[in-house]
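Please work from the sequences and hints to get the whole structure.
Residue numbers (the numbering used here), protein chains in the order written: chain A, 1 to 67; chain B, 1 to 183.
Rather than coming from a laboratory, the hints here were simulated on the basis of the structure.
Please note that a few of the clues may not be correct.
[To be verified] Which chain B residues stay away from chain A? Per the calculated CB distances, all over 12 Å, these:
1) 52
2) 69
3) 74
4) 140
5) 141
[To be verified] Incomplete in silico selection of chain B near chain A, CB under 7 Å:
6) 15
7) 16
8) 19
Cβ atoms here follow ideal geometry from the backbone N, Cα and C, with glycine treated the same way.
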Amino acid sequence: MKNSKTAASRSQDPSEEPDGKANPGLGGEIRGKIGRQLRDMYDDVVAQGVPDRFVELLNRLEKQNEK
Amino acid sequence: MKLDPQMREAVLAAVPSLRAFAISLSGNVDRADDLVQETLLRALVNIDSFEPGTNLSAWLFTILRNLFRSEYRKRRREVEDGDGTYAESLKSQPEQEARVEFREFRAALAKLPADQREALILVGASGFSYEEAAGICGCAVGTIKSRVNRARTRLAELMSIESLDDFGPDRATRAVLSGGEHS
Numbered sequence: 001m002k003n004s005k006t007a008a009s010r011s012q013d014p015s016e017e018p019d020g021k022a023n024p025g026l027g028g029e030i031r032g033k034i035g036r037q038l039r040d041m042y043d044d045v046v047a048q049g050v051p052d053r054f055v056e057l058l059n060r061l062e063k064q065n066e067k
Numbered sequence: 001m002k003l004d005p006q007m008r009e010a011v012l013a014a015v016p017s018l019r020a021f022a023i024s025l026s027g028n029v030d031r032a033d034d035l036v037q038e039t040l041l042r043a044l045v046n047i048d049s050f051e052p053g054t055n056l057s058a059w060l061f062t063i064l065r066n067l068f069r070s071e072y073r074k075r076r077r078e079v080e081d082g083d084g085t086y087a088e089s090l091k092s093q094p095e096q097e098a099r100v101e102f103r104e105f106r107a108a109l110a111k112l113p114a115d116q117r118e119a120l121i122l123v124g125a126s127g128f129s130y131e132e133a134a135g136i137c138g139c140a141v142g143t144i145k146s147r148v149n150r151a152r153t154r155l156a157e158l159m160s161i162e163s164l165d166d167f168g169p170d171r172a173t174r175a176v177l178s179g180g181e182h183s
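Here it is, written out as C-alpha cells:
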C-alpha cells in the first residue's frame with residue numbers, strides 16, 4: 001500500500017528547518033488542513049451518537065443506587 | 001443517588017464528545033469506550049462534588065483526562081515506551097479504529113507529546129476556550145496556549161513532509177536540496 005510508509009518509518013525528525021524558520025505560505029496552508037482534519041476526525045466520532053452501552057450503564061447505575 | 005432527568009440528559013449529551021476526546025487521546029476505540037465508562041462511573045459516584053451551574057461537560061472531560069493520564073503513566077512504567085505502545089495500537093487495528101482517511105493524521109497526532117496532544121484536541125476540536133482547557137488540564141492558560149502552538153507547529157512539520165512525499169519520486173531531489181541548504 002502506497003501510504004503505508006507513514007510517519008513511523010521516519011521517526012528521527014527530518015523536519016527541522018535548517019534555519020529554524022518555517023515557510024509561512026506552506027505553513028499556513030498546512031495549518032488550515034490540520035485544523036480541518038482534526039475537527040473532521042473528531043466530528044466523525046461525535047456523529048456516532050451515544051452507543052447503547054452507555055445508556056444501559058446509566059440505567060444500571062441508577063437502579064443500583066435506588067436500593 | 002438518582003440523577004435528575006435534566007442532569008441525566010446532560011451527561012448523556014456529553015458522551016459523543018467524551019468518546020471523540022478519548023479516541024483522539026488513546027487512538028483505540030475499545031480503550032476509549034472503557035475510559036468513557038469509567039468516567040461516567042466516577043461522575044455518578046462523585047456527582048455531589050459537581051457544582052450546579054458550572055460547565056458539566058468540562059467537569060466530565062477533566063475526569064476522563066485525569067483517568068487517561070494516570071493510566072498512561074502506569075503503562076509507561078510497565079512498558080517503558082508509552083508513545084511506542086500508542087503507535088503500535090494504531091497499526092494493529094486501523095480499519096476498525098479509525099477510518100483510513102484519517103490514518104496519516106492520527107499517526108502524526110500520535111507523535112506529539114501527550115500534553116500537547118490533549119491541549120490541541122480540547123481547543124482545536126472539542127471547542128473549549130483556552131481558559132476551560134487550562135482548567136481541565138490543571139495548568140496555566142499560557143501553558144495551554146504554548147502547548148497548542150507547539151502541537152500545531154509540530155503537526156505542520158510532520159504533515160508537510162507527508163505532502164511532499166505525495167509529489168512522487170523526488171526524494172533524491174529533496175536530499176540534494178536540503179543538502180544544499182545545509183552547506
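Each hint tested on the structure:
1. 52: With a cut-off of 12 Å, residue 52(B) remains clear of chain A, as the shortest Cβ separation is near 19 Å.
2. 69: Given a closest Cβ separation of 19 Å, the condition holds.
3. 74: 23 Å, holds
4. 140: 23 Å, holds
5. 141: 20 Å, holds
6. 15: 5 Å, holds
7. 16: Residue 16(B) check passes; min Cβ-Cβ to chain A is 4 Å, inside 7 Å.
8. 19: Status holds, d = 5 Å.
In summary, the structure agrees with every hint in the numbered list given earlier.
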